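Student: If you read the protein sequences in the order shown, they are chains A and B. Letter by letter, the first sequence follows residues 1 to 272 in this note's numbering. Letter by letter, the second sequence follows residues 1 to 65 in this note's numbering.
Please note that the accuracy of each hint is not assured.
[What the hints assert, rightly or not] Among the chain A residues that face chain B by a calculated CB cut under 10 Å, a handful are: (1) Gly-19; (2) Leu-73; (3) Val-103; (4) Asp-107; (5) Leu-201; (6) Asn-219.
Hints listed in this document are in silico derivations from the structure and should not be mistaken for laboratory results. Only a predicted model underlies this, so the values are computations on that prediction, with no experimental measurement involved. Even for Gly, the Cβ is constructed at its ideal location relative to N, Cα and C.
These are the residues of each chain, in order.
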Amino acid sequence: MNAPLPNNLNSADTLVLYGESFASRLLLGTSRYPSPQVLENAVQVSNPGMITVSLRRQGTSTAEAHSGFWDLLKKMAVPVLPNTAGCHSPQEVITTAQMAREVFETDWIKLELIGDDYTLQPDVLRLVQTAETLIKDGFKVLPYCTEDLILCQRLVDVGCQAVMPWAAPIGTGQGPLNPYAMKLLRDRLKVPLLVDAGLGLPSHACTVMEWGFDGVLLNTAVALADDPVVMAKAFAMAVDAGRVAYLSGAMKPQESAQASTPLVGTPFWHQS
Amino acid sequence: MRVIVNQVAYELPSKSMVSDALALIKAKPPYAVAVNLHFVPKTKHADFVLNENDQIEVIAPVTGG
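The shape of chain A in the complex, shown without the other chains (with noise of 0.2 Å):
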């Protein structure tokens, strides 16, 4: 049977960030594939509503590998969000997102102030204020944080209209390590919740979904997995099916069993 979801399962639910809408709530980075041609088609099957992307020197290496990746976004056609990746200080922040907005010409700008380059941990004491500096320059900034309530009502207080808290350190793949709090802050925030880095397979995307989370960026589970391109179909199949499970509102967990089938007129019943 397929039969046609209600509106407000559909068209309707559109993940919507500072005003704008995307075409999806899955957002997908664009690093560690194989291959551009692999990246591409990645890009294809799952259609995410923004990809990834960054800033390094010119003539380095990386720069180099990378000389045909400014064609590939122009043809791939989806809107970028640049990130701050590698920062360890609010002023290379402030100058690498100003540096991205004029090379994509977009605002949006993936918050990203690295604090301890062994778990990738965001520095919490100095992103606060990191962000609205951010904010008030024009950014419209999604900012990569930890799950920790009072940081991320703070992200809101300076005027963060979505957050971005990790489920797991970046590239881990272990998925949400701390469902107590991710589910509370879902419970006390109401701005869109993004859960960035930490998750590995679709079944971690479904569940942060279920719990009411807005959306999911996610890079290495899709671009280290032996066939990238049907691991980011997966996860995009995983997020819509955690979306729709949550806007159906689940039923209420039972400490003991209740029969599914009716009792009533259950042959034999008490004859043996």
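Given the coordinates of chain A, assemble chain B onto it according to the supplied hints.
Tutor: Below, chain B alone, put in the same frame as chain A:
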């Protein structure tokens, strides 16, 4: 005058502009520039005067997560 472009030392005439440094390294668009950790928009490349030991970053788009 010694300047550093993407961590490599170069010699430029005094009072050179950002655009002179870009020409020196044959920078290929698209790129963006920062001098001493401050963004220099492209509208100012031709009249932003460099100083001795300035650190110039010329960045290009790459993949990102």
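Student: Checking each numbered hint in turn, tell me which of them this model violates, lowest number first.
Tutor: When the structure is compared with the hints, numbers 1, 4, 5 turn out to be violated.
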